[in-house]
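Student: So the chains spell out like this:
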Amino acid sequence: MPFLSRLASLRRNLFTGRRVERDLDDELRAYLDQLTEEKRGAGMDAAEARRAALIELGGLEQVKEEVRQVRTGQVFEELAQDLRYGVRTLRKNPAFTVVAVLALALGIGANTAMFSVAYGILLRPLPYADADRVAVVFMRYFSRDFAFGTMCMRDYLMWKENNRAFEDPALFSGRRMDIGGKEGVPEQVQGASVTAGFFSTLEVRPLIGRTFAAGEDKPTTGSLAVLSESIWRRRFAANSAVLGQTILVNGAPSTVIGVMPGAFRFPQRETEVWINLPLNPPTRYGPWFYRGVARLKPGVTLQQAQAETNNIGLRMMQQNSYYKGLTLPILSLRDALLGTTLKPAILVLAGAVGLVLLIAVVNVANLMLARATVREREMALRLSLGAGRGRLVRQLLTESVLLAVMGGAAGLALAWGGIELIRAWNPGNLPLIDSVRLDGGALGFMVFVSMLTGVLFGLAPALESARANLNSTIKEGGRGGGASQARGRTRSALVVSEIAISLMLLVGAGLLLRSFVNLQRVTGGFSTPPRQILTMLISPGDRKYNDAHTGLAFYDEVLRHARNVPGVEVAAVTDSLPPDRQGDADSFEIGGQTLAPGELNPIVSDVTVGPDFFRALRIPLVKGRYFTDYDNQDSAPVAIVSEGFVRRFFPDQEAIGKRIKQSGPGFGDKWMEIVGIVGNVKFMGLTVDTDPAYYMPFAQTYGPRMFLAVRSSGDAASLSAALRRDIQSIDPGITLAEIGTMEQALTLSVSQPRFDTMLLALFAGIALLLAAIGIYGLIAYSVVQRTHEIGVRMALGAGQADVVRMVVRQGASLAAIGIVIGLGGAFALTRLLRTMLFGIGATDALTFAAAPLGIMLVVLLATFLPAFRATRISPVVALRYE
Amino acid sequence: MPATNLLQGTLDLLILKALALTELHGLAISRRIAQITNRTFQVKPGSLFPALHRMEEAGWLASDWGDSENNRRAKFYRLTAAGRRQLQTETRQWETIALAIASALQAS
Chain A
0 MPFLSRLASL
10 RRNLFTGRRV
20 ERDLDDELRA
30 YLDQLTEEKR
40 GAGMDAAEAR
50 RAALIELGGL
60 EQVKEEVRQV
70 RTGQVFEELA
80 QDLRYGVRTL
90 RKNPAFTVVA
100 VLALALGIGA
110 NTAMFSVAYG
120 ILLRPLPYAD
130 ADRVAVVFMR
140 YFSRDFAFGT
150 MCMRDYLMWK
160 ENNRAFEDPA
170 LFSGRRMDIG
180 GKEGVPEQVQ
190 GASVTAGFFS
200 TLEVRPLIGR
210 TFAAGEDKPT
220 TGSLAVLSES
230 IWRRRFAANS
240 AVLGQTILVN
250 GAPSTVIGVM
260 PGAFRFPQRE
270 TEVWINLPLN
280 PPTRYGPWFY
290 RGVARLKPGV
300 TLQQAQAETN
310 NIGLRMMQQN
320 SYYKGLTLPI
330 LSLRDALLGT
340 TLKPAILVLA
350 GAVGLVLLIA
360 VVNVANLMLA
370 RATVREREMA
380 LRLSLGAGRG
390 RLVRQLLTES
400 VLLAVMGGAA
410 GLALAWGGIE
420 LIRAWNPGNL
430 PLIDSVRLDG
440 GALGFMVFVS
450 MLTGVLFGLA
460 PALESARANL
470 NSTIKEGGRG
480 GGASQARGRT
490 RSALVVSEIA
500 ISLMLLVGAG
510 LLLRSFVNLQ
520 RVTGGFSTPP
530 RQILTMLISP
540 GDRKYNDAHT
550 GLAFYDEVLR
560 HARNVPGVEV
570 AAVTDSLPPD
580 RQGDADSFEI
590 GGQTLAPGEL
600 NPIVSDVTVG
610 PDFFRALRIP
620 LVKGRYFTDY
630 DNQDSAPVAI
640 VSEGFVRRFF
650 PDQEAIGKRI
660 KQSGPGFGDK
670 WMEIVGIVGN
680 VKFMGLTVDT
690 DPAYYMPFAQ
700 TYGPRMFLAV
710 RSSGDAASLS
720 AALRRDIQSI
730 DPGITLAEIG
740 TMEQALTLSV
750 SQPRFDTMLL
760 ALFAGIALLL
770 AAIGIYGLIA
780 YSVVQRTHEI
790 GVRMALGAGQ
800 ADVVRMVVRQ
810 GASLAAIGIV
820 IGLGGAFALT
830 RLLRTMLFGI
840 GATDALTFAA
850 APLGIMLVVL
860 LATFLPAFRA
870 TRISPVVALR
880 YE
Chain B
0 MPATNLLQGT
10 LDLLILKALA
20 LTELHGLAIS
30 RRIAQITNRT
40 FQVKPGSLFP
50 ALHRMEEAGW
60 LASDWGDSEN
70 NRRAKFYRLT
80 AAGRRQLQTE
90 TRQWETIALA
100 IASALQAS
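Chains A and B supply the protein sequences, listed in that same order. In this text, residue positions in the first sequence follow numbering that gives the first Met the number 0: the first is 0, and each later residue adds one. In this text, residue positions in the second sequence follow numbering that gives the first Met the number 0: the first is 0, and each later residue adds one.
Source of the hints: derived by calculation from the structure; they are not laboratory data. Treat each hint with caution, since some may be false.
Here chain A is said to cover these stretches of chain B; the calculated rule only asks that three of the stretch's residues, wherever they fall, bring their Cβ under 8 Å from a Cβ of chain A [claimed, not checked]: (1) 33-45; (2) 68-81; (3) 93-106.
According to the in silico footprint, chain B covers these stretches of chain A (three or more CB under 8 Å from chain B) [said to hold, decoys possible]: (4) 20-29; (5) 282-289.
C-beta atoms are modelled at their ideal positions from N, C-alpha and C, and glycine is treated no differently.
Full structure from sequences and hints, please.
Tutor: Now the structure itself:
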C-alpha cells in the first residue's frame, strides 16, 4: 500500500508537475491569508498583519523548495531541470562551450584513435588459438649482421631433434612465386614454403579443404598447395571445385588441397600461397633461408625454452667452425610480426598523445575555474533564494557531464575518422593493421577522465563559493576576493604546465622532423632523379628458363623490347635495387688472403647486374671500368666492388686486379678479377651506414627472377603500361610484379619514420593550439579583471605602449617559467626517442633552441589581442566601471 | 518560549495525533500541535509543509480542498487507514522509548 501510494505520487509529480506546483502555491497562499487574518483578529492593521505573517512563514519560495525536496521522483525532476539549465548556460556562452568541447574532442579523439591503434597492434589477441604460446625461432651468427636472421635446414633439424621445450616445430620461408594454370593469366604473388607441421602448430583451420597432414613434407610427397582466401576469390571465383585441381607454381604442377580464411596472414601479410617444403636430409650447410615456428609445451615458459635452445646453439658452434657467436633468438609470434622498431615508436606516440589529453584536460580545468569566478555571484544568489548546496553541486556536475558527453561525442567522430584513415592508408606500413579497431574501452576511459576533470575543477570553486559569505560575494559582484585571487594563481600554474608540456611535445616533434629531413637527404648512391627510374620484378614463369643459356636469351629479348618503348633511355637488369631491395648476401674469399681455420669474411651484398645497370641509375665509376657485353659466359670471370668494400678490405692497396671468390661449397673455384670500383649504393635501407658490396655480371651469374630497371627521359610512371604490354607480348607465361618508380620505393622505405614524424607533429600542433587558447583565455580574462587598474594607470599618464608592455609581460613571464620547466622535461624525455632518430642526437641544440622560440612566439601572439584590447580602454569608462 | 528542535519522528507523531480526531488545514494543524503540547512545540511552515507532503506521499494522509471556518479555501488533511495504523505503531514505540529514557534518567 505505501509502495503503491509512492508510485502514484511519482506518476503525479513527474507527469502533472505543473498542477502539483500550482496546488502547492495555492496551499501556501491560503495558509498565508489565514495567518494574516488571525493577526488582524488579534488587533493588527492589514499591512502590519501581512508583514508579520510573511515573517512567520519564513519565505514562500524557501518553503516551496523544502517541500519539493521531499517529493518522490524529485531526483528526476531536478535532473531534467539541471539539464535544461545546463544547456541554456552552455548556449549562452558559445565561446566557452565551443572551446571546451573542441579541446575535449581533440584530446579524446586523438587519444582514442592512438590507443585503438596501439591496442590493436600491441595487445589485441592474434587470430590464432593461444597465440602467446607460439614462438618464432631465428638464428644469428658472427659474420652476419642481422639480429633476427635465418637458419639452414641442417640447423633446424639439429634444433628440432634436441629441443624438449616445444611441440610440433615447423620450418618456413617466404618467397616470391609464379602462379599459373588454366584458370587465368599467370601472376607473381608472395608465397611461403612450409613443412607439414606449420598449420597445426598455429592451430588454424582452413575455410575449405584441408591443410598439410603429418608427413607430407617427405621428399617423396608431391607438391601440394594451400591458397589464401584472396587469391581463391580472385583467380578461382571462390569455387570449391578448386580442391584437387592442379595449378602451376613456379612452372611446376601442384595440387590444391585447401583454402585459408582471410584473417590468416602469416608469415607475411601479403602471403597468398603455401607450398609444402620437402625436408630433404641436407648434405651440407646452407642455404640460410628459413625460420622455425613452434608451440611451447604446457608449463614451459619462453625463458626456459630460450635457455634450452641456447645450449643447442653452443653445440652447433662446436660442430661447425663457421658459426661464431651463434645465438638462436626466440620471439613470441607477435614480436616476430612486429619487428624491432615499431613497438618503441608506438609506445612513444601513445605517451605523446597522453600528454595531449593532459593539456586538453588542463584547458578545460582552466575554463571551468575562470567560469567559476564569473559565476560566484550567480551561485550566491541561488543559495540565498533557497537552493540547497547539494543542489548547486549537482547542477555544476550536470554541466560538466554535459560538456564531457559533447566532447566525447565529437571525439568519437574524430577517432572513428582517424582510425578509418589510418586503416585505409596504412601510412606506416604497419603489420597487424587489420586488427586495429575503434576501442570502446579507450573511448570510455577518455570520456571518464575528462568528466572527472570537469567535475573536479568545476566543483572545487563551486563548493568554495557556496561556503563563502553570501553578503560580501553579492556586493562584491565577483570582482576578485581572496578566493578568486587564489584561483588566479591556480590558473596561472595550469597555463604554465600547458606551455611546459607542449614544449616537450614540440621538441620531440622537432627532433623527429629534423631526423626525417636528414633521412630525405640521404641518396641511395645514384644520381638519376628517382622519378625517372621505373623498376619491376620479372619472372619468365617456366622452368625451362632456369637454364642460363635459355634465360640469357630471354632477358636479351626483354631488354630489346624495353629499349624500344618511346621514352626509355637505358634499360638494365639487376637482382638488387636501392634503397632496400637487397637480393643476395654472402661471404667471399680474397685471393692470397689467409684466414684462420673456420674464419670467414663478413657477409656483404653480392649483386648481379647487367652491363647497363650503373648507367641506368648513374652510379659513379671511381676507377677501372663498368661491365660490358663482353663479360659473358665465354670470358674470364670479373667483379666490380664498391668504395666501401675497398675501404674495408683493401684499405691501403690497389683493389683493381685483385681476385675474389664467393664462399661456400656450391661455387667451385670461380675466381673473379676486380675490374672496377663504383660509388656506394644503399641496398639495406637508407639508415644503414656502411654497406659494402661486390657486383657480378649477369651473363656470368644467371638467375631467372630479375628486376628490370629503366631510366626514362621524363616521368617514368607514364611508361609502365607500355612497358608491361611490350614485355608481356614476348611470352604469355611471363609474370610482372612490384611495378613502380624509384620515387615510390624511396617513399615506402621511409614510411614508418614518416608516420611517426607526422603523428608526433600533429600531436605537438594540437598541444600548441590548446596551450595558445589557454594563455589567451587567461590574459584576456585578466585584462577584463584589471580594467579598473588599467584605467587608473592611463589616467595617470601611462601610454598605450606601456599598457601593451604590461599585459604582454604577464604572458611572457608565464611562458618563460613554462619554457624552463618544459626544457627540463624535454631533456629527460627525448632520450626515449634516441632509437628513432637518424643523423642527429636526442639533445640536438638547434631543436632545443628553436622550439622555445616557437612557443614564445605563439604565446606573444595569444597575448597580443587582449593587450591591444586593453589599450582601447577609456580611462573615464574604466574608472566608472562598477 | 523554547525553540525546540523537533526530531522528524516526533513531528510525524505530533501531526498524526493532531489529525486523530478530525481533518484540519495547515495552520490549524500547527495551532492544534501548539495547543496539545502546551505551546512547547511551535511548528514552522518550513518544517510543517514538507512533512505533510512527505506523509501524504507515504499514504498516511489524504488531502482535499475545502472551506475553512471563515469561509476561505484551504487544503484539509485527514488520516487514512494506513495513517491510523502508523499512529498506533508510533505511539507504542514512543511510549517504550519514553519509559526507557525515564528509567535511565532516574537510575542513580
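Student: Which hint numbers does the structure go against, in order from smallest to largest?
Tutor: Checked against the structure, the hints that fail are numbers 3, 5, while the rest are satisfied.
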